[in-house]
Amino acid sequence: MITHIFVAVAVLTISAIVFGIILGYAADKFKVEGNPIIDQVEALLPQTQCGQCGYPGCRPYAEAIANGDKVNKCPPGGTATMEKLAELMGVDPEPLDQVAQEAVKKVAYIREDECIGCTKCIQACPVDAILGAGKLMHTVIAKDCTGCDLCVEPCPVDCIDMLPVETTLKNWDWKLNAIPVTLVSESLEER
Amino acid sequence: MLTLLEQLDKGSLWQSPGGIHPPELKQLSNQQAIGRLPLAKQFVVPIPQVGEQARLLVEVGQTVLKGQVLTEGTGFIYLPVHAPTSGTVTAIKAVASNHASGLPVLSCIIDADGYDNWCDLITSDPAALSNDDIITKIKQAGIAGMGGAAFPTHIKLNTASEIDLVIINGVECEPYITSDDRLMREYSNEILKGIEIIHRLLGPQRIIIAIEDNKPEAAQAMQQAIHLSKLPANSTRVTVIPTKYPSGGEKQLIQIITGKEVPSGCLPSQLGIVVQNVGTAFAIQDAIYSGKPLIERVVTFTGKNIHQPGNYWLPIGTPVAAALELVDFRPSTTQKLIIGGPMMGYAIHDPYVPVLKGTNCVLAPSNEEISPDSDEKACIRCGECAIACPALLLPQQLFWHAKAQEYDKAASFNLQDCIECGCCSYVCPSDIPLVEYYRIAKSALRVEAEEKVLAEQAKLRFEARLQRLEDEKLAREAKAKEAAEKRQANMKSSDKDAVAAAMARIAAKKAAQSNEANLQSIVKHDANDSTGVDKKSAVSAAIARAKAKKAAQSAEQFSIENNATQTPSNTHNPSDSVVEGGISQQNLIAAAVARAKAKKAAQNNQAITSDEAVNGLADSSTSDTDPSLNDKKAKVAAAIAKAKAKKLQQTEIASDSADTEPNEDNSITASANGAMAKKTIADDNTDPAEQDKKARIAAAVAKAKAKKLQQVETSNVESQLSSSSITLEQTPNLDSAVLDKKAKIAAAVAKAKAKKLAQQAEKKD
Amino acid sequence: MAFKIASSPHVGSTLQTAKVMQRVALCLLPGIATQLYFFGFGTLLQIAIAVITAYAAEAAILSLRNRPIKSTLADNSALVTALLLAIAIPPLAPWWVVVIGTLFSIIIVKHLYGGLGNNLFNPAMAGYVLLLISFPVQMTDWVSPMSAAQQSVDLTYALNAVFNSASDILVIGHNLAIDGSTMATPLDTLKTDLSMGMTTHESLAKPIFSGMAGLGWFEVNLAFLIGGLIMLKLKIIRWQISFGILSALFICSSFGFLLNPDTHVSPMMHLFSGGTMLAAFFIATDPVTAATSHRGRIIFGVMIGVLIYVIRTFGGYPDAVAFAVLLANMCAPFIDHYVRPRTYGHRSGS
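Taken in order, these protein sequences are the chains called A, B and C.
Mapping to my numbering: the first sequence position 91 is 94, numbers consecutive.
Mapping to my numbering: the second sequence position 228 is 985, numbers consecutive.
Mapping to my numbering: the third sequence position 140 is 142, numbers consecutive.
Just chain A, with the same shape it has in the complex (with noise of 0.2 Å):
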């Protein structure tokens, strides 16, 4: 009887070191490098870097959220940002805490005749998308502005406009319902 338990006891002991040594293999050999899921988090986030989440650009949002912070900060990104955020994070879709940008893009734009060259915007542009020198004009070079207007509010001239970027023959959207188009019958009858 008593040999019974202890065939017992060490069939576990010996069992629960080989599993043990099998894990401890495993987790050496498949040893995952860095947090991937901060990476993930980043690729999903716009990458305007416009500091509206409350973090110095989109690498530590990125890193915020994988450390649990919400994922309804980005306004930039939108809600489908937000929505994709939380399935990979496996919580729950919030509201954008605060008012998502319209989902038109815009390109930040320098009224040049008012620049004075104050540089101002340029220590402000987050991915050095502003050319210019002191006491020289400024231009906004808009395919690297990520219209994340940060440049706006340190003009001391409010010289920059945020506008929405063109629709072209080559970005245009084949939505056709957004033509308007008055019938025939009407416009004869304007003439």
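Calculated from the structure, these hints are not laboratory results.
A few of these clues could be false.
Calculated cross-link-like contacts (lysine to aspartate or glutamate; reagent style EDC-like; alpha-carbon spacing at most 16 Å) [claimed, not checked]: (1) B:K987 x B:D882; (2) A:K87 x B:D1165; (3) B:K1199 x A:D176; (4) A:K87 x B:E1205; (5) B:K1209 x A:D42; (6) A:K173 x B:E1205; (7) B:K1209 x A:D147.
A short, non-exhaustive set of chain B residues, derived as facing chain A with CB atoms under 10 Å [stated by the list, open to error]: (8) A790; (9) R793; (10) R1196; (11) R1225.
All C-beta atoms in this analysis are idealised placements derived from N, C-alpha and C, irrespective of residue type, glycine included.
Put chains B and C on the given structure of chain A with help from the hints.
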């Protein structure tokens, strides 16, 4: 097992999956020969778009000749555009484009003079030309694919791949369209000449002219032309293929003729195959033999609401509306006007769009022919679309995901391989506009991909910037350290220097902190310096300190964000307040103190290497009167001081150096200038010009802010303007005219702000 | 002047959903007529009740869902569902049976899943299964074929049977049983006999099995086969699903029959009794709940065929069409996910 060439020679055909058989309705327009319509009065020639690196060669008012080149460019895919007739360029503006979106594009508007005069044409014999010359000529003629896509032809003919087979596409599978049909019937010899040139350029083993079996006349004409041509025997044949839509699609035609599939995302040339439209072959012939650029093409006008249907030669750039008037177009109330065929053509809402190189048909159907759009109903997953799809897609799945806006899932069902032929929509029993969904999904995917690239770029730039800032910070720290060491070395030379160095260190330290502290330190050693001079001056210094503190606080209240503007206000106020003391003796002392302060500041400038500190002090010296605008009191005080100083000058002829100065403002200015000059020597990278600019900025900002605070009227603004220009004139070594201008601009800005404020005030009222 | 715009293509074929459904209903007619001939007017009553209930239910739920009522009713999908359910129900089943079944089909199976095009299960079959599980007695009491009962079930008789008060139903059912005018279906009889230890030969000797595959049932199935072939010709349905079902059922039953003729019936019996043909051409081919690709549809059909055979032979229920279809419905999204046609330009290698 036969080789592919043998199969081709036999005329073997392969089955292309899917496809539909819509009513052809070609007899409407293919009954009579290609006609010619009277010349339109005005032409619209869209010029190459942004990104195509082109330059306009004409300007408004210039007269052009028919065939004259209008643009010049260097890009690889750039194609020149030519004047379709002789006349005058009356405008270069954005007008509605011949595109599904109808978005305006920049175009040359040419008013025809009616003479239709050709420019000089260079005719040539292809035998005398090298292949490169021919390619260049084709490019210069602006030849683009005439089948609809308008892809530049010279690129297709200049491929790096080895070409075994050229397919001449005369399929014209879209219902209604007959332009290629008529062209083949009437100009078969010319087309063959074009094919000869293609043969010479590409050297294929076989050339297949593919024609659908509903065009027997065209097939016969081409067959006869082959016998007359100079092409090598047995290298060219006409292959008649069964009528089915969309056999004319490039990928489908290749599959039917060779049985091969063009791999997804690849070009046919990678299979050694090039497909050219018959119209393109004709245009090549025209360009080489007669030197004519591509400025006209055959356009089918058809549909029951066009009462003279047929094919017509139309100059490219002819407004569709102008041509429609000539073919007896009678629109119905819900008229659709379709460019291209009913399957793939797009409806335009503005008829004043030009005929383009790829415009093969203008279709004006009656309501009986093309029923008004019916409402979309629920998909019953009948799978008819999958049966009709020539690309073997699952349209209902694509639709499902596209409608739910799950574009990535739609992409996983190979949405990108959709050729938008419209077969699925055609067979759909629920009237779902499937192709529209796919187009929207495709453009959304494209935007998404572009945004991803942009986001990646933004991230890189952001990281690069962070790195740069970090580097700069390190460099600055290293510099500061070096400077500190230098100062330490200097300290040993004399006690006085040691004190100065200590002060400098303090100043350097403070520079990083708030400018209030900065100010205090300066005032403090002002006081120290003046201790030995006079007791009274010490008292005045104390007063100055107190006042300065107060001023600093008030300045803080104004919350001017940058150091540059705060510093001057703080440093100036003490001198004003000293003046306020009203004692004439002290006035002089105060002037001396101010001078000493300026001197010290200059020393500090030498010592403090921090750029910000330099700028701050420089600003303080040049824009010293500006802060007076911060409060009215200060201004008044300044006026009083000036008056007193004048009085002083009259009554006392003191011997001090300060006496020669009319007032302390000027003295400060002068010494500050000295400081500036010294600093310029000390610090190479800050030139006086830049400092001036800074000063002006500071002036502008201060002005604007002051305005906001005081809520003054325009009269005040004017007074500020004058005072600011005076200030600036006081500053030596500057072009006063330039300054005036700048000051004016600044004043204008200030004015605008004032206006805004006034508006806001009004609103509040 | 401006013109109307729309996305290409600007033309479309004229065969629309409503027409498709209408043609399906028309192709059911030969089968319905045969059923009327052999089993009396009961089926007609069931059809009338089912159609009225279906339209009423659809209209009600559409108004609740704020969807267009008129245009949706006009798509005839409710009609087809009602017809299929009514055909599958015993002709003399009480009226409330078919009403419950139709309501369940239309409201729960179809509209609660999102309406036409979004339902996971075939509405008619889901309704049928609900009835079969809930009212097994009513659902298995079939009228005996006309010739076997030696009397026709005329209209008054049928009305009486279907609309008599609920308390009478058992009595009437009993009476009918005594009259010998109702009896189990051939498949049911066979099942019972086999479970009682009889061999197929002994069981098939019964009068109900006269003819090829059960009296009346063979003809009804034949009529549905004809209707189905017409649909194939009209390209309303495609051959893959029907072919899959019939070939799988044929192969499975042949195999069983060759192995052990004593306990397995002939392939003919399988193909032409019960609801085989109805399922193969009218029920399983419901595109909404079937797989969508060609290969997927063959797999879907084969799956139904095998399931029919397995459930008929080894399961507890005599006929298995409804269960087989529902099980295959469940697998359709799965099949669609894994069986995709190779897109043009996507070689299997690359």
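Numbers of unmet hints, in rising order = 8 and 9
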